[in-house]
Amino acid sequence: MTTLAAHGVSIDVPAGWEAELSTQPDPSTLDETVDPLPAPLVVLHAANFSLPAERDDYGAGAVETMGRNGIFAALVEFGAASVGTMLFAAEGVPGRLTPDDFGSDQLNVAVPGHAGLQHFFHVGARAFCLYVVIGSHSRRGVLVPEFNRVLSGLSIA
Amino acid sequence: MTVVVVLLAVAVGVLALIVFGLLRTHAEILRALDRAGISLDDQASDLPPGSVPDRATEAAPGGHQTARDIAGTVPAGGPTKVAVTGVPHHTLLAFLSSGCRTCKRFWEAFAEPGVDLPGDGTRLVIVGQDPAHDSESALAELVPPGVKAVLSSAAWQDYDVPGSPYFALVDGVDGRIVGAGSALGWEQLRELLQEALDDADLARSTRGRVRPPAGRSGRSRARRADDALRSAGVGPGHPSLYPGGSAPVHGNGADSSDRRVE
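So the protein sequences, as listed, match chains A and B. This note's numbering applies: residue 1 is where the first sequence begins, and numbers increase by one. This note's numbering applies: residue 1 is where the second sequence begins, and numbers increase by one.
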């Protein structure tokens with residue numbers, strides 16, 4: 001078990017899984033009229049298959065390569081202004097996902113057979129989206145508990 | 001006279017200090033170059049080339065050395081973990097530095113689109129040293145687009161990397177190092193890695209765990225042996241193959257590619 005930690009986000013990565021913690025570009029570096037972020041916004045990717053070097057925040061470039069037993073998860077942080085909005089009203093990292101939470105209508109990249117989940121929440125003054133894709137909707141009864149094992153090792157300060 | 005002696009003594013002392021300072025600076029430069037993986041030898045890499053299967057020959061009885069997953073940071077990025085064990089494919093770990101001359105050939109080779117890696121579905125992962133030991137910005141610029149790279153001095157220790165360039169081919173299913181070592185160029189390395197894969201396939205088949213051959217398999221090795229015997233004038237039924245003096249009626253193993261038992 002390897003633990004990755006940065007910017008208040010920590011995850012235990014089990015054997016056979018890969019993960020990467022990165023930060024989003026500060027918009028102020030591209031637009032001088034925008035105020036710099038007070039703290040970097042985090043992006044965490046985890047997968048039970050080889051993560052390609054190039055992929056976007058919600059896994060485009062990665063989910064297309066995964067097989068039926070593949071699981072991809074992205075934790076994407078939003079600006080503090082999102083905290084307090086209806087979308088992010090849920091509090092805390094979800095403890096456990098259920099297979100029925102997953103559907104093909106929640107996918108960012110539509111791949112036949114895939115199913116996804118989008119869960120928005122906040123932890124303190126930080127807002128997040130947890131986006132999970134499984135390689136086979138029909139195998140959600142196996143794949144979702146497998147992901148819950150990884151989710152139990154995710155913590156946000 | 002006394003004044004001259006004192007002046008000479010002072011001059012000698014000053015010169016000694018200058019020489020000491022120069023030697024110290026020189027040593028610091030050598031240490032810095034060594035940390036950056038830069039060899040002062042124009043002729044070759046930091047390592048003896050052509051030694052890829054060394055791990056296989058050093059292996060413990062029954063198998064090769066155990067591989068470990070890689071934990072480190074992405075060049076100019078955040079922390080990452082790369083799985084090389086418990087995965088259904090081979091991984092070629094390329095331990096490269098930003099400064100070594102021989103590494104430059106591999107940086108260029110890996111930048112070629114569709115680089116031909118040995119084995120089925122082999123994944124390339126470039127492993128650099130931590131930012132304390134190599135230039136992170138230089139490494140970030142050298143990593144070809146689309147190639148996975150991680151900075152991890154811990155991985156260099158785990159894989160006993162003596163210097164760069166160095167390579168380790170890991171069987172993700174067995175979680176073992178199939179071959180490891182250095183080479184002067186990509187073509188040479190690819191050949192050596194393929195040999196290591198062939199040896200691993202052969203060892204696996206002799207252990208009774210036959211796996212479908214990937215390209216150059218044990219079967220192709222047998223074919224090469226047949227060709228070598230044939231060119232030496234040793235063919236089916238040759239007396240040297242039957243020390244007891246009695247050749248079988250039908251085909252034999254040394255003729256496996258040409259004849260079939262009816």
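I should point out that these hints are in silico values taken from the structure, not numbers from a laboratory. Some hints could be false.
As the list claims (entries may be wrong) - Using C-beta positions, here's what the derived DEER-type ranges look like: (1) Ala138/B x Asp35/A: 30 to 36 Å; (2) Arg204/B x Gly124/A: 48 to 54 Å; (3) Val34/A x Pro145/B: 39 to 45 Å.
Claimed, not checked - Per the computed footprint, the stretches of chain A lying under chain B, defined by three or more beta-carbons under 8 Å from a beta-carbon of chain B, are: (4) 11 to 24; (5) 84 to 97.
If you're wondering where the values come from, they're calculated on a predicted model, not measured in any experiment. Ideal Cβ positions, reconstructed from N, Cα and C, are used throughout, including at glycine.
To see whether the hints hold, each was checked on the structure:
1. The hinted range of 30 to 36 Å is satisfied by Ala138/B and Asp35/A, whose Cβ atoms lie roughly 32 Å apart.
2. At about 53 Å, the CB distance of Arg204/B to Gly124/A agrees with the hint of 48 to 54 Å.
3. Between Val34/A and Pro145/B the CB atoms are about 28 Å apart, so this pair departs from the stated range of 39 to 45 Å.
4. With 10 residues having a beta carbon nearer than 8 Å to a beta carbon of chain B, the segment 11 to 24 of chain A meets the requirement of three or more and the stated coverage holds.
5. Evaluation of the coverage hint for the segment 84 to 97 of chain A: breached, as 0 residues show C-beta separations to chain B shorter than 8 Å, against a requirement of three.
This entry does not satisfy hints 3, 5, going by the numbered hints stated previously.
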